[in-house]
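Asker: Residue numbers (my numbering): 407 to 1217.
Please note that the accuracy of each hint is not assured.
Derived lysine to aspartate or glutamate pairs resembling EDC-like cross-links, with alpha carbons at most 20 angstroms apart [stated by the list, open to error]:
1. K735 with E797
2. K483 with D506
3. K554 with E664
4. K604 with E583
5. K554 with D577
6. K604 with D630
7. K1116 with D1153
8. K1176 with D1164
9. K493 with D458
10. K1116 with E777
11. K543 with D511
12. K789 with D747
13. K824 with E796
14. K975 with D951
15. K1101 with D1175
Simulated from the structure, these hints should not be mistaken for lab results.
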Amino acid sequence: MAPSFRLFTLGPPQLLTATGEQVRFRTRKHFALLARLALEAGHRFTRDYLMDLLWPDTPARLGRHSLAQGISVLKAKLGRDSVQIQKATVALAEGAVDVDAHHLDDSQAEIQGRFLDGFEVPRARPFEDWKDQWAAKLQPRLRDCLVKQMDRGRRVGDYATVERHAQVLYDLDPLLEDAVRGLMEARAWVGDRTDALKIFGRYEERLAEELGAKPSADLARMADLLREGKRSPTRPPAPGEPLTMQRRFEPEMLIGREREFSVLRDAWLEVRQRQPRVMVITGDPGLGKTTLTNTFAASCQMEGAVVARAQAYDAERDLPFAVLAELVKQLVQQRAIGGADPEALGEMTRICAEVAQAYPGVPRPVEWAPEVVPLRLADAFLKTVTAAAEESPVVLVVDDLHAADNATAGILHVLVRKLVGTRVILVLTTRPSELRVTVAQAALAGDTTIEGLREVELDPLDATEGRDLISRLGADDPREVPVQRILDVCRGNPLALDLVTREWRTHDQGSLLEAIESIDTQPQLAIAIPLAIGRAFEQQLRLLDVENRSCLGLAALLGRRLSDLSLYKACGLGVAQAGNSLGRLRDAGLLRDTRGDLEFRNELMRAQAYYSVVTPVRQQLHQQVARFLQARSTKGSEDLSSEIAWHYFRGGNKELALKHAIVGARAALNVGAPCEAERLLSHLLRESTDKHNTKEGRLLLAEALFEQSKAWLAKQILDSLLSDNTLSVTLRANASVLLAKATRFLDAGDALYCTAADDAYADAQKARDKGLVAQAALELARSGAESGDLSRVNTARNALQQLSDSSTASR
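Make the full structure from the sequences, and use the hints.
Answerer: So, in structure tokens, the structure goes:
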């Protein structure tokens, strides 16, 4: 049977009934008697001990009378059976009163302060001594209980609870780092970085004054993050050396995702024990995958993790290693990979120029065959991440995995299969509907053989959670928010709830809600969430002036380069104007600030912004951006050909698009990314009318297909290409050699293979290209070996010997 009374001793003392009513006592000594008996319920105390405890200066006769009165009061308040009385002893029955101090070990105690805080009994020095002894005895248990309660709040993202417990702990011991950390985390969680830094400053000063000590490195690192992520260097940087910078992640409003957040937190605790994890967060657009991920990343970062996050974009899916390069770049900026193998860092310079800038002593990467490069990069990335995790736990985030390039997905797959005993967690967000149509990305997210892989599926918010979100969004609005109407329209989609609520606050009578509800000819189920989001976006778009609307359209077009202010001159905005406009778009809720950069709050919103620009203007903007990138690529070492090609293609200039696509495809093939080359060329070749570049593009497309073991498709393209009599000698030689390889791969028979090898050798001789001659001679030798014709082998041997002799003579 549950106790009928609850006694609170950890803080200001009070006795409550089971219904929550306070039981009052006329004198403090009667309450003190209850506290002494309840702390050790069932123990029999002698009457003399209790008299000496509470009435030490009173004559024995009067002391016995006062004690008898106190016992009578307890019997009247608690019930006759609750107090066990014998001639010489008194005890409180076990289970009669539930004491909060008894719940410290299971972390269920409601701690408000010190033991019997503020409770003093006049003329009872022995009781005060007993109280002090118990306070000292309970102090370590109070601290442990509060720390556990704070961890429990962190686990579900409830930082209001963390702050409440941290404040109590701070009041108990202002020099306790756990308390200071909890207060700083809670203030940072709600965006109050100023107060968080003030708390740290006071702690730092007091620690130095009283103990002559300094805060721990982890706490100092948290303070550095709150100071815009910039740490003062311990030494002057060398000329050209980039400053160390930790990108700070901002926590966001987290409602209805406590269970999902707790799953991520549990994984994080396992990672800190050197158990690597892969968390795949799935859900439809607008359900809060990015918000949940950023909030989780912020909590990990506050606890000392190095966080690298890359947003994948559909428009950049054909840029090989784009996402991987972004992850490496962020690790470099945080100076987290300095302990990696120099050879591994050298390999990373293939995809990220910042590595060589930050670590100028790394060796140049060895030249490998294109098909070997991805394997070398995978091995180098594994070594790099493992080295970083030795110093601090590493959190890698890929947002919208389904839009990532195949090369990155493949390397991440290799990484997670080989991670053992490292403090690394990989967080992937994706939409199931789009993941299903991918190959490499789906293989990574669905590989059940990876021991540490966990899936976190997001569902729409339920009615209670939706009401909570709407209430918070409309908290400062004096009008009554139409909560149920918004819930009916948005059906638990957090993005839709956010947009529709904000839109209602702006328009009220002419809001989207009324427009939707006026469609009484349609059943309610016909109102889809994308429609609601689209209509709300249109309403917000009307509030923007021409300059901000132009900035929004170009931002949607730029994708990953959204924060590259120099590109906004394409729509007539200078750097300062672009920065101001992006800030207004962020304030309007269209963009979000993450890891120091801006991005759209959701890809749905980006799509709405992209197609809100009329087609002729959008095409002109694409061409302008392509020209700016082309000028940048000419001046620098970075190859932007694939990106330039896509902008020209979307801008309607198909000839220039194909020209740059050929360069980009060749670069992709050189680094072992044939899938990206295929996708790029297959789109552009269908639209181009440039006959010369089309021929070269078709040859590269055939090579990309062959590199993916799609030899039959490659052979069809090559047969068509070789039937063109206007083909140049060099292109014909390349096509013939590739056709011979495809014929061998298809096992089409000795006769066809020998014919293809003969043609390849003859065309290579005409082209006078030593590399092609060597490849053709090799195919000639293979055809001879397979058909048993030794003369073909001898011819090939002689050709290779001549090439060797000519090379020696030229030296």
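Asker: Tell me the numbers of any earlier hints that the structure contravenes, in ascending order.
Answerer: none
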